[in-house]
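Trainee: Top line first, the protein sequences correspond to chains A and B.
With our numbering applied, the first sequence corresponds to residues 3 to 108, in that order.
With our numbering applied, the second sequence corresponds to residues 4 to 320, in that order.
Quick caveat, the hints were computed from the structure, so don't treat them as lab data.
Some hints here could point you the wrong way.
[Claimed, not checked] Here are the simulated DSS-like pairs of lysine-lysine, each with C-alpha atoms no more than 27 Å apart in a straight line:
hint : chain 1 : residue 1 : chain 2 : residue 2
1    : A       : LYS11     : B       : LYS6
2    : B       : LYS180    : A       : LYS12
3    : B       : LYS192    : B       : LYS215
4    : B       : LYS180    : A       : LYS42
5    : B       : LYS6      : A       : LYS62
6    : A       : LYS12     : B       : LYS67
7    : B       : LYS118    : A       : LYS62
8    : A       : LYS40     : B       : LYS118
9    : A       : LYS65     : A       : LYS11
Predicted model, so just to flag it, every value in this text is computed and none were measured.
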Amino acid sequence: MNTIDAHIKKVYVPMTETGFYILLCLQTPNHGYGIVQKVKEMTGGEIVLAPGTMYGSLSKMEKDGLIYFVREEEKRKIYAITELGNEVLNMERKRIERLYRNMKEV
Amino acid sequence: MKKTTLKFFTIFQYQQEEKYLSSMHEKGWKLISVTFPGFYHFENCEPAQAAYRLDYNQEGIQNKAEYIKFFSDCGWDYLGDMAGYSYFRKEGGDRGEEIFSDDSSRLDMMRRVFKGRIIPLVILFLCCILPNFFMNTYGYGAGGILQDILSMTFMTVAALYLVIFSVTSYQFYQYEKKVMPENPGIKMKYYGITVLILLVIICMGATVYFSKRSVYSVTERADGFMIEAEQLNESVVMEYDFKKGDRIAFRSDDYDGAELYIRIGEENKDPVFYGNSYDKMGDFTIEIEEDGRYQIECRGRRVKGIIEFSIEGKKSE
Chain A
3 MNTIDAHIKK
13 VYVPMTETGF
23 YILLCLQTPN
33 HGYGIVQKVK
43 EMTGGEIVLA
53 PGTMYGSLSK
63 MEKDGLIYFV
73 REEEKRKIYA
83 ITELGNEVLN
93 MERKRIERLY
103 RNMKEV
Chain B
4 MKKTTLKFFT
14 IFQYQQEEKY
24 LSSMHEKGWK
34 LISVTFPGFY
44 HFENCEPAQA
54 AYRLDYNQEG
64 IQNKAEYIKF
74 FSDCGWDYLG
84 DMAGYSYFRK
94 EGGDRGEEIF
104 SDDSSRLDMM
114 RRVFKGRIIP
124 LVILFLCCIL
134 PNFFMNTYGY
144 GAGGILQDIL
154 SMTFMTVAAL
164 YLVIFSVTSY
174 QFYQYEKKVM
184 PENPGIKMKY
194 YGITVLILLV
204 IICMGATVYF
214 SKRSVYSVTE
224 RADGFMIEAE
234 QLNESVVMEY
244 DFKKGDRIAF
254 RSDDYDGAEL
264 YIRIGEENKD
274 PVFYGNSYDK
284 MGDFTIEIEE
294 DGRYQIECRG
304 RRVKGIIEFS
314 IEGKKSE
């Protein structure tokens with residue numbers, strides 16, 4: 003693991019809710035609004051991701067190499083997760099699993 | 004019916020700006036567009052609740068079509084840009100509806116504002132305002148009254164910038180402290196900024212003090228007088244009775260000066276000699292053609308060295 007990747011992993015874990023859902027959803031290519039809709043569906047309408055937060059996160063994650071731009075469709079940018087993005091997502095997954103386990107035990 | 008208002012908000016008062024726009028909408032005025040430097044154009048509408056939000060995202064402005072599309076998909080109407088800020092509205096949305104769902108992304112936006120609006124000011128301040136202030140206050144500038152005016156102007160502008168930097172840093176500090184209360188680096192960063200701002204103020208004050216200070220001595224001799232100046236910043240006037248045929252010789256030594264003005268003449272009459280020099284003033288001798296009481300005036304601006312006037316011929320006594 004090179005030092006840049008190590009730094010990025012440190013910055014992104016633990017992750018914001020928005021960041022986590024972006025990476026989770028982009029395991030299949032999607033555009034920003036698609037992610038918003040999917041998360042709304044997943045959470046029964048409880049979580050509606052905000053566009054300012056989303057737009058900032060998407061461009062930051064693209065710059066940091068966690069996701070990449072696939073193509074543009076009807077003025078909507080479609081992104082997908084990269085290998086680094088997957089690694090970061092797995093680290094976060096493990097962290098949440100540990101949290102969940104410990105919560106149940108105590 | 005339409006109306007336009009002119010209002011100013013500082014770059015970190017975007018929340019006050021949003022509240023203002025929402026309250027206008029509740030009074031039956033909906034925002035149509037904004038123009039620099041603070042014109043808000045409204046149109047009559049049914050009084051209603053509406054959320055107004057500002058984003059600062061230069062990447063979004065560069066990819067405008069896609070950026071606006073994303074916001075409009077999410078139910079936010081795009082109203083226009085002003086000075087890097089983009090304006091959005093959600094009609095029917097209550098005042099609590101946000102385009103940022105967490106503090107860290109809101110802080111990211113403020114960082115973009117800082118990069119886009121404050122960094123250019125800092126560069127301008129360091130590369131233009133401050134050097135010009137130092138040059139016109141303590142250096143060889145345009146000379147005369149013009150240099151004083153420039154020095155004052157740049158001092159005023161510099162003070163204004165320092166106020167902006169201080170206020171901005173304070174607002175930023177408040178925000179960062181709120182978002183990341185655990186991070187000890189934040190306090191250090193703002194201590195650093197405070198020290199830097201104070202240092203600039205001290206340097207500017209010292210420059211003004213040293214440029215205005217006068218340190219010199221005047222020695223009167225039987226045949227004239229001598230000024231030994233470490234720094235002459237004021238007027239030295241000596242009075243003599245001269246007779247026709249008296250000669251006055253000016254000589255300078257070890258001399259360095261931003262500006263020296265010399266006037267020789269009777270009071271309220273045209274001078275028999277006057278000269279102004281921004282570099283070294285050449286030695287000269289003049290001869291008096293009319294009896295009378297004469298004044299020799301030497302006015303300096305950061306003049307350093309020895310200046311001598313010797314009166315030859317008939318003595319003044």
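Trainee: With a cut-off of 27 Å on the C-alpha distance, tell me whether B:LYS180 and A:LYS12 pass.
Mentor: holds, 21 Å
Trainee: Take a quick look at whether B:LYS118 and A:LYS62 sit within 27 Å of each other, Cα to Cα.
Mentor: Roughly 15 Å separates the two Cα atoms, so the pair holds.
Trainee: For the pair we were handed, A:LYS12 and B:LYS67, check the Cα-Cα distance against 27 Å.
Mentor: violated, 32 Å
Trainee: Quickly compare the C-alpha distance for B:LYS192 and B:LYS215 to 27 Å and report which way the hint goes.
Mentor: With Cα atoms ~35 Å apart, B:LYS192 and B:LYS215 exceed 27 Å; violated.
Trainee: CA of A:LYS40 to CA of B:LYS118, is that 27 Å or under?
Mentor: violated, 33 Å
Trainee: Under the criterion that the straight-line Cα-Cα distance not exceed 27 Å, is the pair A:LYS11, B:LYS6 satisfied?
Mentor: Roughly 51 Å separates the two Cα atoms, so the pair is violated.
Trainee: Within 27 Å, alpha carbon to alpha carbon, are B:LYS6 and A:LYS62?
Mentor: violated, 39 Å
Trainee: Verify the proposed pairing of A:LYS65 with A:LYS11, using a straight-line Cα cut of 27 Å.
Mentor: holds, 14 Å
Trainee: Would you mind confirming whether the straight-line C-alpha gap from B:LYS180 to A:LYS42 stays at or under 27 Å?
Mentor: violated, 32 Å
When the structure is compared with the earlier hints, violations turn up for hints 1, 3, 4, 5, 6, 8 and for no others.
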